[in-house]
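Chains as they are written, first to last, in my numbering: chain U, 60 to 283; chain X, 3 to 502.
Because the hints were derived from the structure by calculation, they are not lab data.
Ideal Cβ positions, reconstructed from N, Cα and C, are used throughout, including at glycine.
One or more hints might be untrue.
Computed footprint of chain X on chain U, listed as stretches where at least three residues anywhere in the stretch have a Cβ under 8 Å from a Cβ of chain X [stated by the list, open to error]: (1) 84-92; (2) 103-116; (3) 138-151; (4) 193-199.
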Amino acid sequence: MIKRLLISLLVATVLYGIVHFYPAPSMQPTPHARYTKIAANGVPLTPWQGPWACVLDRKLNVLWEVKTDNESIHDGYWTYSWFLHEKGQENFGDCYFESQRCDTQDLIERTNIQTLCGQNNWRLPTEQELASLIQSPSRPGRAHIADDYFSYINQGDYWTSQSDSRLSRQFKHLKLGAKAINFHSGTVNALPYRNAAFVILVSSLTKTHPLSQFSSRDNSIKQK
Amino acid sequence: MRRSIFAVLHTLSIVAISFSLLSGLRIASLDKSYLLSITTLLPEGQVHSLHLISGISLLVLSCYYGYFKLSHRTVTTQTRYHKLVTWFGYVIILTSLLSGVLLRLDWLPQPLLPLHYFSALALLLYLLLHSWVYALQLGRNAFKKILFIPLKRFPLRLTGVLILCICVLYYYVQSSTHTLSVSAISADVLMEIDGYDDEPQWQDATLFFVDTNHGANFVDGYAQVAIKALSNGQETFFLFRWADPTQSLNHLPLVKTESGWKVQENGFYHFDEQSYYEDKFAVMLSNSCSFGADGTSYLGKQPFNSSPANWHSKGYHASLDGKIRDLWHWKAVRTNDMVLADDNFIGPLVKPLNAERRYKAGYQTDGKESGSYVMNWQWYSKNQITPKRLPNQNIDISHPVLPWFGSHPYQKAHDTYPIGTQLSSVLYRSNRFEGDRADVRAKGRWHDGYWTLELVRKNKTDSAHDIALSNHTCMWVSAFDRSQIAHTRHQRAIKLRYAL
Numbered sequence: 060m061i062k063r064l065l066i067s068l069l070v071a072t073v074l075y076g077i078v079h080f081y082p083a084p085s086m087q088p089t090p091h092a093r094y095t096k097i098a099a100n101g102v103p104l105t106p107w108q109g110p111w112a113c114v115l116d117r118k119l120n121v122l123w124e125v126k127t128d129n130e131s132i133h134d135g136y137w138t139y140s141w142f143l144h145e146k147g148q149e150n151f152g153d154c155y156f157e158s159q160r161c162d163t164q165d166l167i168e169r170t171n172i173q174t175l176c177g178q179n180n181w182r183l184p185t186e187q188e189l190a191s192l193i194q195s196p197s198r199p200g201r202a203h204i205a206d207d208y209f210s211y212i213n214q215g216d217y218w219t220s221q222s223d224s225r226l227s228r229q230f231k232h233l234k235l236g237a238k239a240i241n242f243h244s245g246t247v248n249a250l251p252y253r254n255a256a257f258v259i260l261v262s263s264l265t266k267t268h269p270l271s272q273f274s275s276r277d278n279s280i281k282q283k
Numbered sequence: 003m004r005r006s007i008f009a010v011l012h013t014l015s016i017v018a019i020s021f022s023l024l025s026g027l028r029i030a031s032l033d034k035s036y037l038l039s040i041t042t043l044l045p046e047g048q049v050h051s052l053h054l055i056s057g058i059s060l061l062v063l064s065c066y067y068g069y070f071k072l073s074h075r076t077v078t079t080q081t082r083y084h085k086l087v088t089w090f091g092y093v094i095i096l097t098s099l100l101s102g103v104l105l106r107l108d109w110l111p112q113p114l115l116p117l118h119y120f121s122a123l124a125l126l127l128y129l130l131l132h133s134w135v136y137a138l139q140l141g142r143n144a145f146k147k148i149l150f151i152p153l154k155r156f157p158l159r160l161t162g163v164l165i166l167c168i169c170v171l172y173y174y175v176q177s178s179t180h181t182l183s184v185s186a187i188s189a190d191v192l193m194e195i196d197g198y199d200d201e202p203q204w205q206d207a208t209l210f211f212v213d214t215n216h217g218a219n220f221v222d223g224y225a226q227v228a229i230k231a232l233s234n235g236q237e238t239f240f241l242f243r244w245a246d247p248t249q250s251l252n253h254l255p256l257v258k259t260e261s262g263w264k265v266q267e268n269g270f271y272h273f274d275e276q277s278y279y280e281d282k283f284a285v286m287l288s289n290s291c292s293f294g295a296d297g298t299s300y301l302g303k304q305p306f307n308s309s310p311a312n313w314h315s316k317g318y319h320a321s322l323d324g325k326i327r328d329l330w331h332w333k334a335v336r337t338n339d340m341v342l343a344d345d346n347f348i349g350p351l352v353k354p355l356n357a358e359r360r361y362k363a364g365y366q367t368d369g370k371e372s373g374s375y376v377m378n379w380q381w382y383s384k385n386q387i388t389p390k391r392l393p394n395q396n397i398d399i400s401h402p403v404l405p406w407f408g409s410h411p412y413q414k415a416h417d418t419y420p421i422g423t424q425l426s427s428v429l430y431r432s433n434r435f436e437g438d439r440a441d442v443r444a445k446g447r448w449h450d451g452y453w454t455l456e457l458v459r460k461n462k463t464d465s466a467h468d469i470a471l472s473n474h475t476c477m478w479v480s481a482f483d484r485s486q487i488a489h490t491r492h493q494r495a496i497k498l499r500y501a502l
């Protein structure tokens with residue numbers, strides 16, 4: 060009888076052990092292979108931390124501006140006509156932060172003055188740079204981009220720096236425009252400079268910049 | 003042969019009771035969170051099916067055992083103690099089976115609802131008094147006695163017949179449904195979606211009741227839902243009415259503390275808020291009518307090995323059979339002023355995203371072209387948040403939705419609200435969704451302890467994420483009382499039957 064009681068006790072202990080010491084599934088984020096969130100002051104964040112103002116793109120060694128819905132100059136709803144270095148169409152987009160209407164140069168100047176994420180070399184991305192962000196939508200009806208990192212991206216056109224592109228079809232009479240990436244369809248289109256389109260700015264990192272050496276698996280940043 | 007039959011029945015009963023108890027406790031953990039402390043012992047995944055098939059097995063085995071016992075009065079000899087315990091077992095198993103059958107048919111009267119759970123706990127006690135005491139008394143011989151059956155004497159034909167009975171009964175029970183008659187109305191009749199049932203057509207419509215249970219905050223977790231349905235051939239109108247003594251419009255309110263603004267919550271961090279949340283109502287539609295919300299419920303902390311675990315340990319909804327289930331989600335604050343229900347669906351598992359803390363498995367929203375409600379914080383943190391907007395000075399801040407044009411972007415310098423100020427966390431950035439997500443118009447009104455929800459959708463939409471409304475479409479309903487996920491539920495699907 061004592062032996063049977065001891066076996067019962069052993070079974071109960073094993074069950075207790077399973078209940079209390081069996082490891083629970085991990086509730087930790089997995090770093091993205093290409094992107095890292097960067098706070099407005101330039102500090103890297105883990106995937107579940109926020110708010111973040113930029114995305115470090117380790118593939119291109121650049122920082123991307125992150126759009127918001129806080130009505131700041133980075134709000135994702137603002138649109139801009141294409142205008143750079145006296146070329147294009149001034150002030151044909153819509154935003155709240157300019158006394159007149161908005162163009163791409165306005166956003167670039169304001170963002171550089173702000174030194175977003177510690178950078179003052181913000182610019183329009185090239186076609187190749189911006190097109191490299193295109194990927195299949197993560198969920199039905201969402202944009203063709205990693206929208207867990209690039210928030211508030213609209214299903215519309217985003218300007219690139221490529222100007223002097225020949226226009227076709229209904230815009231043919233306007234002759235030249237700039238290239239834009241459409242994150243609704245994931246395609247590249249040439250649009251008239253006067254069109255109101257969205258913008259994501261980009262900033263190149265020098266090879267000596269601390270973020271250039273940053274690895275997503277850097278364990279110096281911790282999830283709070 | 004008698005001994006062999008008894009041994010087979012006994013062994014099969016052990017298996018059926020074990021699976022039934024474990025799966026039942028997992029289902030009970032949805033509203034009895036203390037059971038989550040033994041979560042590692044409980045099965046995960048589609049446990050509703052496991053519970054049903056083990057319950058039906060026990061029912062068939064018990065019925066045959068009753069017949070067997072009557073035919074062969076004495077099968078085993080027992081001491082007085084074991085005779086008493088065995089009779090205790092009979093009572094418990096009978097109670098468990100009866101309450102289970104009535105529960106499955108949605109016929110168990112509300113006051114008797116706890117009987118099924120408590121009979122399961124009593125069954126655990128019975129196992130201790132019966133099995134454990136036999137094991138102590140007889141040791142290894144107890145197992146030999148009940149498990150050893152000489153192959154020559156194995157009742158193969160009987161076992162086959164019992165398994166066939168279990169399969170037939172399972173097929174019948176898992177697909178049995180309620181029926182909701184959809185009354186016909188003329189296409190000329192104007193039905194205003196305003197949450198009032200004052201159109202004469204509603205008075206003439208057939209009234210159907212379904213008892214839903216196990217919801218957080220409802221009295222005893224219970225909400226009886228009264229349903230009426232009308233169709234003009236192009237659209238189907240639904241009227242839902244359920245008792246909810248409290249109108250909950252306080253949706254994750256912001257409160258100003260000495261250290262700044264904070265979200266008032268009690269579980270939101272784990273995506274299972276049960277105190278500071280709006281009332282809601284959900285309708286699921288499917289072309290099939292199976293048990294366990296048509297096989298879309300997967301319970302447990304991590305029911306899919308290849309997908310992330312959930313924060314609340316309760317489970318996920320997903321549709322792994324390649325079919326879509328439509329889900330309309332009316333929200334008393336976030337969608338009611340839009341006169342919409344959020345048009346969602348349950349589909350296949352989506353790919354987890356690295357920066358998304360809450361994985362939702364197969365539960366997703368339909369796509370939208372524009373429009374949304376947004377939460378009034380720049381970034382959610384358990385400890386402190388910064389609001390996106392603050393109300394203008396002359397605005398009534400007690401309204402559940404903060405008006406966009408009655409508020410201004412947050413600036414610390416303008417944040418002069420006194421400590422203790424409470425503020426809505428919901429902002430409408432436009433007056434409604436546009437696109438696929440806006441297919442379901444809905445308006446709810448709360449009056450005298452009842453919500454009345456009027457809802458309409460086209461019978462056929464062009465969306466790949468919607469289910470067409472037609473004869474034999476099956477429906478499930480759930481009410482939420484200031485809870486994020488802890489909704490009421492019923493067992494049998496409600497099959498729509500359209501008048502010719």
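How the hints compare with the structure:
1. Note: the stretch 84-92 of chain U has 7 residues with beta-carbon separation from chain X under 8 Å; the three-residue rule is met and the coverage holds.
2. Counting residues of the stretch 103-116 of chain U whose beta-carbon sits less than 8 Å from any beta-carbon of chain X gives 4, enough to reach three: the coverage restraint holds.
3. Check result for the stretch 138-151 of chain U against chain X: violated, 0 residues qualifying (beta carbon to beta carbon below 8 Å, three or more required).
4. Here's how the stretch 193-199 of chain U fares: 3 of its residues keep a CB closer than 8 Å to some CB of chain X, so the rule of at least three is met and the hint holds.
The earlier numbered hint that this structure contradicts is number 3, and it is the only one.
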